[in-house]
Amino acid sequence: MDAENRAHLAALAGFDHMTTSRLVALLSGRAPIEAYAMASGCAAPSAPVAGIFRRSKDLGARWKASAAAIDPGAMEARCADLGVRVLVPEDAEWPPQLMCDPRRPAVLFAQGDPDVLDGRRVGIVGTRNPTRRGAQSAARFGSELATAGVRVVSGLALGVDGAAHRGALAADGAPPIAVVANGHDQPYPRQHRSLWMQVAEAGVVLSEWPPGTRPEPFRFPQRNRILAALSELVVVVESRERGGSLITAREAAERGVDVFAVPGPIDQRSSVGTNRLLEDGATPVASTDTLLVALGLDHRRAGRRRFDARALPRGDEAVVMDLCRSEPQSVESVAIALDWELAHAAMALARLERSGWLGESGGWFEEVDEYAELAE
Amino acid sequence: MFAAIPSAVILGARGHPVTVEVHVGSGLPGFHVVGLPDESIRESRDRVRAAVMSSEAKWPNDKITVNLAPSQQRKSGSGLDLAIAIGVLVASEQIPLDAVHDMAFIGELGLDGSTRAVPGVAPMAGVSTAGELVVPVANGHEAWIVCEGQVRPVAHLRELIAVLGEERAPWPDHDLTVADSDDGPHPDLADVVGQPLARRALEIAAAGGHHCLFVGPPGSGKTMLAARLPGLLPDLDREQALEVTMIHSAAGIPLPPGGLVTHPPYRSPHHTSSEASIVGGGSHSLRPGEISIAHCGILFMDELPEYHPRVIDTIRQPLEEGEVRVSRAAHHTTIPSRFQLVAAMNPCPCGEGGRPGGCDCGEARVARYAGRVSGPLLDRFDLRVRVHRPDVDDLLSGERGESTAVVAERVRAARWRAEQRQGAVNADLSPLELDSVAPLAPDALAVLRFEMDKGRLSGRGYHRIRRVARTIADLDDDPPDVIGEEAITLALDMRASIGPLRAGTVAA
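Chains as they are written, first to last, in this note's numbering: chain A, 1 to 376; chain B, 1001 to 1508.
It is possible that part of the hints are untrue.
Said to hold, decoys possible - Covered, in the sense of this in silico footprint (three residues per stretch, anywhere, with C-beta under 8 Å from a C-beta of chain B), are these stretches of chain A:
| no. | region |
| --- | --- |
| 1 | 169-176 |
| 2 | 213-220 |
| 3 | 323-334 |
| 4 | 341-347 |
| 5 | 356-370 |
Read the hints as simulated data drawn from the structure, not as lab findings.
We put the beta carbon where it would ideally sit given N, CA and C, even for glycine.
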């Protein structure tokens, strides 16, 4: 496809209220320049496109306004500024997994090196608000998989996604892959701006939408299907009863991608979704070895544990540490469980926290492992 | 003819003496009230006229002028009815002038001549210098508590005419006992199951007078805990009791059977309450607001972030100064409001944000929720305690915790120690005083240094921690002079950060 057509395709994808199916209808059997003309009202619409216009009343006006606002040339320059490449299915870099996808995107915007898509890939997803243990697990999987040469695919969201990416980046192994739901000009969430840049630097950040697209809520489930399609298997670390990660799991299952879930305490809200996935037949996963075996890789090459400099807790502190390993504890729960004075329990917890074995948030103390700094 | 009858009006929680001057003279028959009366006083013309005629007295068919002196001060309320009626009767020579010598009158009249209670009789009686004070029966006991002269309760204007008029009847003998107000026994701390940290925090709050914020999911017992704080506090001393009684009287709150408010009041205004109802003001008499009614007691603000931000903001100054200055265009007053603030809030809008992984709210939503409580107010809470839902096993065990009586005894001892040491509760300790009364042991200092190095403890937080630690130490059977690691650690556990859990926790 020539540069002009590519520019028109990028601009067209950025039209107001553009969806994958509308884009596919516009592009069916014609070059992007013609589709662009049709969308902006300069050419007579084909029957399916006329149907689209008929179904949503003011779409014609919106697209006309978009065409006036988005100049293909400017869009091309913008993509070039951001280092974003416009990929179409006929390109060599187009991921083969997306070639025959039931809801194949019409175009992909790639920041970074799209070649890194070629390799073993595992998707790691989960809630935006995990427990410390969940975030640490995600970082551990990310790090150990990347060390073993497996690319980590995730969504750059807060919580589990971010932890997985950070783990993968820290391992300095296989390049990370991120699939996002908005344009590359405004990294989202803002807290992950630098993480986004690092992933784009070391691997690739993919989006179905061009620069200028805002992270609207409806785009996230759509993004999840691409994430699922690009993964050879998907690991859900923690998820509540409803959550984007369950959508990813469903999309994965529809595509025949194996779903793995990390089991959690049955009364922990952030594990309700994952536990339900396990009931529904997902494979439980507790260590990276399980994933490597599932990929047919030699798990003995899995990454070694990171060096741990903390002095081992002793005496009362060891007892409290054991409690905290099983589930989050508060000063009260420790005092009740061990029948200790409140101050005694508080001191043991505070000392463990100061020596780095426990992390506190909202009055709850959780175990900190060697992946903690990557999890936050 | 002319008569001048002493009475009083109320402004805020203070009485102000007023002289009701009545002139009955020739002219077109009429009844005029001058001297900046407000609408409620102007209405008293009709009440007084009907009451006098119902009491078998004659209404003079002349021009009646009533002046309320001092005449530049705006007056409000129905408490001047009785004085106006007596003034009219004296000026029309139905009651001899010398019969009302050295007498003051406060009270509202019904159309049938019966007397009705008015709010604020206690402070009004307090400023009366007359030898005898006539009040409605229903106000008799509160006038009696503060009045230096003789209190003469009357039930009907007719009684008064009989006593003061030619009949020279003896003063009627009315029973002053009043119906029980709803001030039943305090709820007992033994009802709180488990939750040792929250119970301890309550004990510390009671012993040190620290403002306390409970943060926890719905159903964790925040309201239940707060309601048990008054029971832990010692009774008010005579001076405080008088002050509180004055305010309650002015606010029209039913007084306890003895007349004197002796228990620390407990007020829990709803979060939709208006600014005027919380702070005071609202009418010409500038009624005391909830923060003044809670004077020497507890103000409990449930669902703190749900209050209007302006309400939250306006209670900051009274918290600092112990009194509130209510000003309106024409008049202003200062009302005491030295209260202990206890508040409760959810950790986040969904309420589940206590336990890790439990919350559904986005970070921005949590930040917005927490942001509704201004930082400066948050800073006033020495104690910010995370309350967790009690364990199911604890709830079912049927085991009861320590009772209010046991804990109150420890609180009393700790308060006594603080009183002996610095003559005030620990919450009032200044940083300078803290250095001398709460020196830190080396291990405690190391803990605080660590927290400060980590950026989790600010300079102000440092003083608050020491204050609370001093109270924790005072609650010991054998209180140490030097604050150790134990007390400091516990104090730190009661400084929960408010806001998004993972990102950027606010320094305590």
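Hints, one by one, checked against the model:
no.: 1; hint: 169-176; in the structure: violated (count 0)
no.: 2; hint: 213-220; in the structure: violated (count 0)
no.: 3; hint: 323-334; in the structure: holds (count 5)
no.: 4; hint: 341-347; in the structure: holds (count 5)
no.: 5; hint: 356-370; in the structure: holds (count 5)
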